Amino acid sequence: MLDLYSPGTSVLHRLSPGVKMLSMALGATLLFLNQSLLITAAATLGILALYPVARLPLTKAAAQLRPLLVIFALFFAVQWYFESLTLAAYVVLRLAALILLASLVTLTTRSSDMIDTMTRGLRHLKPLGVHPEKVSLAISLALRFIPVLAQITTEVREAQKVRGLERSVIAVAMPMAIRAIKIADDISDAIDSRGYRS
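At position 68 of the sequence shown the residue is numbered 68 (my numbering), and the sequence of numbers has no breaks.
Calculated from the structure, these hints are not laboratory results. On a predicted model such as this, the values are computed, not experimentally measured, just so you know. One should not assume that every hint holds.
[Unchecked claim] Below, computed lysine to aspartate or glutamate pairings styled on DMTMM-like, alpha-carbon distance capped at 20 Å:
#1 Lys20 - Asp116
#2 Lys20 - Asp113
#3 Lys126 - Asp116
[Stated by the list, open to error] Using C-beta positions, here's what the derived DEER-type ranges look like:
#4 Val70 - Val11: 27 to 37 Å
#5 Pro57 - Ser84: 28 to 38 Å
#6 Glu83 - Lys126: 41 to 51 Å
#7 Leu125 - Ser84: 35 to 45 Å
#8 Ser36 - Gly129: 34 to 44 Å
#9 Glu83 - Ser16: 36 to 46 Å
#10 Tyr81 - Leu125: 18 to 28 Å
#11 Pro52 - Gly129: 40 to 50 Å
#12 Ser84 - Gly129: 41 to 51 Å
Virtual Cβ for every residue (Gly too), placed ideally from N, Cα, C.
Generate the whole structure from the sequences, applying the supplied hints.
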């Protein structure tokens, strides 16, 4: 199964997966409840400051956002046009903070540890008909979607840039489609190996 985990011995790497995931959930909730651009900017800088703590270069953080710059620009333009410059900056900063936070957890936590932690936590809901293994796997895959998308997009664009094909839609889209199919196969194999098929 595709894992973006970056091996290390930092404080964040050694922190319990459950603590990291609960902190991420709390942080994401607070980011959505907060309506202040200043607080959102401070939170974004705070999350960025955690990358060196995890002994991850800031270039790694930038790599998580680079493939989404077009989306950021689109959101910014729409919000600025229909609302205000302040709201546009707030929306984009909040989205960037959420992505950086999810990526930090992904980079410092193994997929298997995340799935095992969620499975243990969800066992209390089994009497209600919840299948802990399936739900935890689905959540884990969802948490990894944006970082995986960012990694694939960056790799494909860099490869095509070397070949001078970065302006060709087909030259960029085809490798991404092939990689997406490969990832789908890997995920399917992971589901089968864990016996999650109904």
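Going through the hints against the structure:
1. Lys20 - Asp116: holds, 14 Å
2. Lys20 - Asp113: holds, 11 Å
3. Lys126 - Asp116: At roughly 15 Å apart (the allowed maximum being 20 Å), Asp116 and Lys126 satisfy the hint.
4. Val70 - Val11: 27 to 37 Å: holds, 35 Å
5. Pro57 - Ser84: 28 to 38 Å: Given range 28 to 38 Å: holds, Cβ gap about 35 Å.
6. Glu83 - Lys126: 41 to 51 Å: With a Cβ separation near 45 Å, Glu83 and Lys126 satisfy 41 to 51 Å, so the hint holds.
7. Leu125 - Ser84: 35 to 45 Å: holds, 42 Å
8. Ser36 - Gly129: 34 to 44 Å: holds, 41 Å
9. Glu83 - Ser16: 36 to 46 Å: holds, 40 Å
10. Tyr81 - Leu125: 18 to 28 Å: violated, 44 Å
11. Pro52 - Gly129: 40 to 50 Å: Holds - the Cβ-Cβ distance for Pro52 and Gly129, about 44 Å, lies within 40 to 50 Å.
12. Ser84 - Gly129: 41 to 51 Å: holds, 46 Å
The earlier numbered hint that this structure contradicts is number 10, and it is the only one.
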